[in-house]
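S.K.: Okay, here's what each chain looks like letter by letter:
Protein chains: 2
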Amino acid sequence: MAENFDVAEPAETDPLARMPMRDEEGELRPEFVAEVTRAIHAADRPLLCEVVAELHEADLGDLIAALEPDDRVTLVEITGTDFDFSALNEVDETVREEILEELEPETVAEGVRELESDDAVELLESLDEEDQEEILEKLPAAEREDIERSLLYPENSAGRRMQTEFIAVPPDWNVGQAIDYMRDTPDLPERFYEIYVVDVDKHLLGAVPLDVLLRTRRPVPVKDLIDEDRRRVSALEDQEEVARMFGKYNLVAAPVVDTVDRLVGVITIDDVVDVIEEEADEDLKALGGVTHPEELSDTVWTIARGRFNWLLVNLATAFLASSVLGLFEGQLEKMVALAVLAPIVASQGGNAATQTMTVAVRALATRELGSANVMRVVLRETMVGLVNGIAFAVITGIAAVAWFKIPGLGLVIGLAIICNLVAGALGGILIPIVLDRVRADPAVASGTFVTTVTDVVGFFSFLGIATLWFGLK
Amino acid sequence: MAENFDVAEPAETDPLARMPMRDEEGELRPEFVAEVTRAIHAADRPLLCEVVAELHEADLGDLIAALEPDDRVTLVEITGTDFDFSALNEVDETVREEILEELEPETVAEGVRELESDDAVELLESLDEEDQEEILEKLPAAEREDIERSLLYPENSAGRRMQTEFIAVPPDWNVGQAIDYMRDTPDLPERFYEIYVVDVDKHLLGAVPLDVLLRTRRPVPVKDLIDEDRRRVSALEDQEEVARMFGKYNLVAAPVVDTVDRLVGVITIDDVVDVIEEEADEDLKALGGVTHPEELSDTVWTIARGRFNWLLVNLATAFLASSVLGLFEGQLEKMVALAVLAPIVASQGGNAATQTMTVAVRALATRELGSANVMRVVLRETMVGLVNGIAFAVITGIAAVAWFKIPGLGLVIGLAIICNLVAGALGGILIPIVLDRVRADPAVASGTFVTTVTDVVGFFSFLGIATLWFGLK
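So the sequences go chain by chain: A and B. Anchor point for the first sequence: position 274 equals 274 in the UniProt record's numbering, and the numbering is continuous, going up by one each time. Anchor point for the second sequence: position 270 equals 270 in the UniProt record's numbering, and the numbering is continuous, going up by one each time.
These are computed hints drawn from the structure, not numbers from a lab. All C-beta atoms in this analysis are idealised placements derived from N, C-alpha and C, irrespective of residue type, glycine included. Any given hint could be a false lead.
Calculated cross-link-like contacts (lysine-lysine; reagent style DSS-like; alpha-carbon spacing at most 25 Å) [as the list claims (entries may be wrong)]:
id, chain 1, residue 1, chain 2, residue 2
1, A, Lys405, A, Lys334
2, A, Lys334, B, Lys223
3, A, Lys405, B, Lys334
4, A, Lys248, B, Lys248
5, B, Lys202, B, Lys223
6, B, Lys334, B, Lys405
7, A, Lys202, A, Lys223
8, B, Lys334, A, Lys334
Now the stretches of chain B that chain A is said to cover, found in silico as 3 or more residues with beta-carbon under 8 Å [unchecked claim]:
id, region
9, 19–30
10, 75–86
11, 155–165
12, 210–223
13, 267–280
14, 307–319
15, 368–374
Here chain A stands alone, though its shape is the one from the complex (with noise of 0.2 Å):
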């Protein structure tokens, strides 16, 4: 029996030991935000404080999400100095921005104190310049101005992303050195992934990785050590050109250096990742008709605004396209098989282009589709237009023959299927060519156009034919 106390029981001070936070499928259990919910209107700090203690940033954040609004700025309240605040760079943006203003300036710049600089930037980046500065101002001067200037960078630019700490050494020193300053220097990084070698103007001589500086032994020079291979960014540099240079060349960080080669912070794949899930999302919504930023949080009026351009521009070409129906009333009136078949030929037209569209939207966005290959890819897409038009006029004249008993009516249906996906190719891959060639962003406008492309050329098309070989008029 004696035995049974060595097994002994989880001291379950742990909260979320006791009332676990995600279930099985890692969703959120509405159990678990009800207790908090409910430890916060008992203003229960202990409980609050070693439940945001345990979490992980992610985690604290989707809590964060999960809470009514009130709460969230009760949570931040009562929790202090123990809540991470780099967990509301994980909530929407919407989210963030109510909580930050209704909180006291001192509590978020003594939040912010605790962040890496990239974090801070990112947290107050969403404020308007006037809650800045009275957030910035109660900062120590040395954090200030790393914020300042990370700030001053474009948005979307290398230096807004980066964090401006990093451990950076002169040429000189040793591999033994390096690891002695780094065991004795108790304020490094959080997290890193490599060192900096600079010369005494902080010119960038190169980086380090890690697991270089540790299968070497101590007396080996640092400099002997860089990578000679090692890309570096600059911090003007836009934050898609970063994203592709890392995932090409798979790197874990880079170097940002300022326009005369002085190293002036570090940008790593975590940052990297979310801006390629933000573009990925981006280019996804905009194909979509999406093109004005949302999130889930918002309200219903900020999306019906931000979705009625995008439908206003569609409008218009839905009228022209219906405009060249109408040049034709005469020939609907008396053949009004032709009314009803028109749509397909339209929508046949529209499906292919926009495939053609989307992949070709794809390889612009990765630089796969290039000069090189252009003018193969052009000719490919008609080809396949081809094809499948000729394919879909035989499916197509064959149902509309078997279905309004008009011979002829196959013949003239088909026709205007090989038209119209031959244009629909055409436009596909052309429209978002150009657009990307004009610095526009071939996601965002390649969708209307393309579709006006084929409903335009498919009704005309059609009826065109219909007339001429019907002898309607």
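Using the hints, position chain B against chain A.
M.R.: This is chain B only, laid out in the frame that chain A set:
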């Protein structure tokens, strides 16, 4: 004058200095490709070896892709062991297969030997089993077993993506012993970011990031440095799930364990970045109706066939929608304006529904949309549909009356637009959610269903309301 001797000319033995590979835009220079092609035809081994040795694997991949098919194989054959086979993982699968099939199995086996296990698996998994076997049997037993074991894991699982080279140390070692071990072992993994602590049976106890190792003094035991919070991945886990974890918790590497928690490999962020990009690519293309994987290097025939199925589904739904128009043939003959305007109602609904669907598909993919907020989002989308429905009802109604001068037509089309935008919103949000619940990929199937809903509801509501209002029959 003697001073000039100090300003030495660069040695210029580096062929990339004599003929740079890329222009200022970062695009491959055609002159460079031509020069390499010339060297291949002249079998200029020294020059080619220098070129492939200088190039990063990603750049070498780009070069390969730009060469003519025959020249690609010849380049690998001429440069032999100087050729880095991981470059072949950077080109389209079609190109990779072509090259691997042309090469002698001995050449491929020699190239594979030099690769990390994850790169080797990636290279071999595109081949059929017979070709794989032929290459594998030429490898040393240990390497062959590692690769074979990885290939046994299901496609798209963590086991397929992991590398089996890692550093594992016993818990009773201290920091000094771990560092000495790394200094004394010649064949460490090419690049690593953390070391792992395992017990005698290889059970994973935890991971120690390299920066933690570097900032800790030599006598500290490694088991004290284990990050308790550290996530581990099951080898059977889906790669998409792994990518989500990396993104959420900002990881650069994660240990992979088997079913009994033994360490079997490591997944690193570069593989995860590839997964994120692939998944974004798949979703985007699926939404655009490109559901069959295709590459820019595929032939017209492959592409046309791949896209055919989706167009066939679309044709069926287009006929379904047109059959609704067919129900109202009598009315269309009596009032041809209805035939002209009907596509506008369908198109406006289709576009609004596509916006909703895009947001829903994306939110499901990122797990932002879950049971916690599904009711709120469905309600919000319906309200957005109603708000924009009313807005476009007014605009379209006025435009229709102005065009056809038929009193009442404005009211009829307006009501139909409201019906269709609300139906589109409901379809756009509910269809992806239901598909996700039944474990179908919402990105692939939603589009067809959603536009079928808006075509059918659009035509039916417009012509139905018109029939009632104008007393047509």
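S.K.: Next, verify each hint and record whether it holds.
M.R.: How the hints compare with the structure:
The straight-line distance between the Cα atoms of A:Lys405 and A:Lys334 is roughly 16 Å, inside the 25 Å bound, and the hint therefore holds. Taking the CA atoms of A:Lys334 and B:Lys223, the gap is near 87 Å; set against the 25 Å cutoff, the hint is violated. Simply put, A:Lys405 and B:Lys334 have alpha-carbon atoms about 21 Å apart, close enough for the 25 Å limit, and the pair holds. Restraint check: the Cα-Cα separation between A:Lys248 and B:Lys248 comes to about 22 Å, which is no more than 25 Å; the hinted pair holds.
With a C-alpha separation of about 14 Å, the suggested pairing of B:Lys202 with B:Lys223 holds against the 25 Å cut-off. Under the criterion of a C-alpha separation no larger than 25 Å, the hint pairing B:Lys334 with B:Lys405 is consistent with the structure, at around 16 Å. In summary, the hint linking A:Lys202 to A:Lys223 is supported, as the alpha carbons are separated by about 14 Å, within the 25 Å threshold. Of the pairs offered as hints, the one joining B:Lys334 and A:Lys334 holds, with about 11 Å between alpha carbons and a cut-off of 25 Å not exceeded.
Counting residues of the region 19–30 of chain B whose beta carbon lies closer than 8 Å to any beta carbon of chain A gives 4, which meets the minimum of three for the stated coverage. For the region 75–86 of chain B, the proposed coverage by chain A is not satisfied: 0 residues have a C-beta within less than 8 Å of a C-beta in that chain, short of the threshold of three. Counting residues of the region 155–165 of chain B whose C-beta lies closer than 8 Å to any C-beta of chain A gives 0; at least three are required, and the coverage claim is violated. Under the rule that three or more residues need a Cβ within less than 8 Å of chain A, the assignment of the region 210–223 of chain B holds, with 7 such residues.
A stretch counts as covered by a chain when three or more of its residues have a beta carbon under 8 Å from one of that chain; for the region 267–280 of chain B and chain A the count is 8, and the coverage holds. Closer than 8 Å: that is the beta-carbon criterion, and the region 307–319 of chain B has 9 residues meeting it against chain A, so the requirement of 3 holds. Against chain A, the region 368–374 of chain B contributes 6 residues with a C-beta closer than 8 Å to a partner C-beta. That satisfies the three-residue criterion, and the hint holds.
This entry does not satisfy hints 2, 10, 11, going by the numbered hints stated previously.
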